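Colleague: What follows is each chain in one-letter form.
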Amino acid sequence: MPTLLWADNVSFRYAPAGPQVVDGVTIRISDGALVGILGPNGSGKTTLLRLLSGTRRPSSGRVLLGPDDLTNLSRRDIARRIAVVPQETELAFEYSALEIVLMGRHPHLGLFTVEGPADIEIAMAALSATGTAPLAGRLFHTLSGGEKQRVVIAGALAQSPQLLLLDEPTASLDLGYQLEVSTLLQRLNRDQAVTMAISTHDLNLAASICRELILMRDGRVIAAGPTNDVLTPEHVRVLYDVEADVHVHHDTGHLTVVPVRRVPR
Amino acid sequence: MSIRRRIVTVVSAFAVVTAVVIVWAPTVGSTSISLARVFDTSIPWADNVDAQIFFVARLPRVLAASLVGATLAAAGVVLQAMLRNPLATPFTLGVSAGAALGAMLAVIFQLEVGVLGISSVPIMSFAGSLVAIGIVYALASSQKRGLSTNVLLLAGVTLNSFFSALILFVQYLADFTQSLRAVRWLMGDLDVGSYRPIVGAAPFIIAAFAVFAILPRTLNLLSMGDDVAAARGVEVVRAQRWAFLSASLATGAAVSLGGPVGFIGIIVPHLVRLLVGSDHRIVLPAGTLFGAAFLVMCDLLARTIMAPLEIPVGIITALIGGPFFLWLLVKKS
Amino acid sequence: MATGKKIVTTENTKVTEAFFLALFFFVSSVGYVVNVDAQQPKRIVSLVPNVTEILYAIGAGSQVVAVSSYDEEPPAVRRLPKVGALMDPDTERIITLRPDLVITYSSQVDLQSQLTRASIPFFDYRHGDLAHIMATMRGLGERTGHSAEAEQAARALEARIDEVRARVKGKPRPRTLLVFERDSGTLRNIYASAGRGFLHDMLEVAGGVDVLDEIDKESAQASIENILTLAPEVILELRSADRLSDAAMQTEVASWSSLASVPAVKNHRVMVLVGKELTVPGPRVAEAIERMAKALHP
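For the protein sequence lines, the chains are A, B and C, in the order given.
Using this note's numbering, the first residue of the first sequence is number 5, and each one after it goes up by one.
Using this note's numbering, the first residue of the second sequence is number 7, and each one after it goes up by one.
Using this note's numbering, the first residue of the third sequence is number 1456, and each one after it goes up by one.
Calculated from the structure, these hints are not laboratory results.
Predicted model, so just to flag it, every value in this text is computed and none were measured.
Some clues are possibly wrong.
In silico SDA-like pairs for lysine to any residue, Cα to Cα no more than 20 Å straight-line [said to hold, decoys possible]:
#1 B:338 - A:264
#2 C:1497 - C:1541
#3 B:338 - A:12
#4 C:1721 - B:338
#5 C:1624 - C:1606
#6 C:1721 - B:51
#7 C:1749 - C:1708
#8 C:1497 - C:1576
#9 C:1731 - C:1541
#10 C:1749 - C:1704
#11 C:1721 - B:200
#12 C:1672 - B:314
#13 C:1731 - C:1688
#14 C:1672 - B:182
#15 C:1731 - B:183
Just chain A, with the same shape it has in the complex (with noise of 0.2 Å):
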């Protein structure tokens, strides 16, 4: 599989004097993957995030998406193949579901284009693959959680991006919620072979739909690889302190992560 991005030796440090917040780590995404990058809060996964979409210069080391380094791409560059869900999307104006999705057409328009005919189908083909056609000329505010983030996850799509990456996309959700964003991303990874990366402390989450895991404690990776070789028992005591009990569910198949008690470090 080619690769996509490759985070070549990347650190990242926010005051000149301050910690190294993202420490040495090396990353490949390659076409169709869908990975997650798993660690406990403070381990450097946002700051990652930010690195591999641009929003943040590294310090030291590269971003390649492809063969440009990032660094040397314009942010519209940049977002025409690499599209952000945030954690949480909060307005301060009242937009239709439909008008966020077109904004994410807004990297392939001209300073005055408006959107055409094509835009709109596109923005329309993002929200069916999302489920939430019907919902196009609702106002964001009064649509529920999981609702309001499978908009915001379908524009992100309406970026025809190469690459999805989402920050804790089912962190603020109730549990039904998650499980229809879970189940979403893995169907457009799978139907519409969109290559995704996904940032969360979510164990569960990251054993049930991610196919590779790269974990992350105090910046640095520490083990990267297929979800089943990568999360172990071991792996788990290492990342969070907690004896914890990984095996495969009998009905859906994947691996679960039950914490059993706090060890030492």
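Assemble chains B and C onto chain A, guided by the hints.
Modeller: Okay, now just chains B and C, sitting in the frame of chain A:
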């Protein structure tokens, strides 16, 4: 209806209404005049009272009101989007406080730096607004990451307080008549009596609108959040810089022309959004047009309701703005 | 023996009576002297510049010990300590000067209550019409023990005013816009006399009619439309300044030229009078009226 069609239709509707208001307003006032006489070129200028009332008293006034109203409304729209806050006004970031301080200094120190028929007060007030813009911009840009809206807001609010204190101090030093003049300036005055102040303010306002013309879609994205906007391809810092500078420059020019007329920058954007939604490609031009018409009407009320006495136009906008917000509050709850 | 004692006792009573009688007269005469002094305040502090001028005009100048920050006339006051003005009276300083009379504006209620607490008498002044100037003169004359001089000064003023009245009697009275405030170089923020108050009275005496009479207020902002409609025959501007350069004077007069249909502009009857005495309701008001009359009726 396609998006482009919708934008054009709605904005055109606003344009028609505004044009009607602007054409109609100079024909009415506290004195009744005959339009036939106004345009009768056979009557010598010095004898044509009706024409003078129309061309010297009313028309400059209506044009000034249109310019100031359009500008304050547009600046309000831009700043609300940039700060992601529907309660932001063109005066939130300290520009009008700087303008007010400049005006006070001109009144109290009786600086006679009038240039080309524009008195010292508008010139000093514009200078004051530039100083305020400079300070706020410098403070907000001192962050390594470029322009931070939080710091911008904080700097603006702080500057407002600081300049207001200075204004009080300067008023304290003034004698009674000067204080009166200063307070009167704060209430807004559009009776320019000449086209020169309008021509003086216009270049800055036109420059700002040139920037406004390319902002609308970016404003839509900015209003969703910095990270989201960046992920959708917006150069966030650059966009915020342009938005802040253009909106502030325009506000400074408008305030130096007509004084700090309040409520336009917040009522008009709100009303327009209630009518047409939040797409800034419609809200910005529609707001501009509606702002012009709105202030022209307020000024009409100001100069006719208690004729021959004039009510300062800022009082009219405040009397309308207050109840409007009460109504908004009731409606929301 | 009893008779002798009785004689001595009567003698004692008489002496005692005489003593107390003398004491009574002494104390009451002292009291009388104190009262007379209270009618002649020795230490006057004045916060109102035009009243300061009045005090000097009625001969009470030597009793003035401090004045307001804006006092300039007569020249003698420039050496005196300053104690603030309408908005910012320096109460501490005033009380430290131990005045026995303080001239205050009637709106300075805080100051007045503080003076009352310190048992310092004050004089409550409020601007009024032309006649009020003379009334204030007479009132202060009594208060400061200069009734005769005050009467003389007031009468002299009244005489001069009557002279002007007589001179302009019978002449046509032009409708006049009496402007006392405007943004220089432009026609913005024009404030004019509007039918009442001492400026209005001055105009009437000088032989003019207030074009904004109907409004019946001490001052009003005149809009351009208003001025064009009312079409005054004379525009008389009062500038409270020492002087105006020729170039500046030309600019100011020329500011009105855009109102071409106004008779005052057409007939070149736009006049700017410059002088610090023009808008002061005090002893120099007669000069001001004379100058105005000269301008209206050369």
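Colleague: Against each hint, give a clear statement of whether it holds in the structure.
Modeller: Okay, the hints, checked on the actual structure:
Annotation: proposed proximity of residue 338 of chain B to residue 264 of chain A is violated, straight-line Cα distance about 48 Å (limit 20 Å). Note on residue 1497 of chain C and residue 1541 of chain C: the hinted pairing is violated, with a Cα-Cα distance of about 23 Å set against a maximum of 20 Å. Between the alpha carbons of residue 338 of chain B and residue 12 of chain A the distance comes to roughly 51 Å, so the proposed pair goes past 20 Å and is violated. With a C-alpha separation of about 59 Å, the suggested pairing of residue 1721 of chain C with residue 338 of chain B is violated against the 20 Å cut-off.
Between residue 1624 of chain C and residue 1606 of chain C the alpha-carbon distance is near 26 Å, which puts this suggested pair outside the 20 Å criterion. The hinted pair formed by residue 1721 of chain C and residue 51 of chain B meets the criterion: a straight-line CA distance of about 11 Å does not exceed 20 Å. Note on residue 1749 of chain C and residue 1708 of chain C: the hinted pairing holds, with a Cα-Cα distance of about 18 Å set against a maximum of 20 Å. Straight-line distance between C-alpha atoms of residue 1497 of chain C and residue 1576 of chain C comes to about 12 Å, which keeps the hinted pair within the 20 Å bound.
Taking the CA atoms of residue 1731 of chain C and residue 1541 of chain C, the gap is near 19 Å; set against the 20 Å cutoff, the hint holds. Of the pairs offered as hints, the one joining residue 1749 of chain C and residue 1704 of chain C holds, with about 18 Å between alpha carbons and a cut-off of 20 Å not exceeded. Note on residue 1721 of chain C and residue 200 of chain B: the hinted pairing holds, with a Cα-Cα distance of about 18 Å set against a maximum of 20 Å. Taken as a hint, the residue 1672 of chain C and residue 314 of chain B pair is honoured in the structure, with Cα atoms around 12 Å apart against an allowance of 20 Å.
Distance restraint check for residue 1731 of chain C and residue 1688 of chain C: the Cα-Cα separation of roughly 25 Å exceeds the 20 Å cut-off, and the hinted pair is therefore not satisfied. At most 20 Å may separate the alpha-carbon atoms for a hinted pair to count; residue 1672 of chain C and residue 182 of chain B meet this at roughly 18 Å. Between residue 1731 of chain C and residue 183 of chain B the alpha-carbon distance is near 14 Å, which keeps this suggested pair within the 20 Å criterion.
Violated hints, in rising order: 1, 2, 3, 4, 5 and 13; the structure is consistent with all others.
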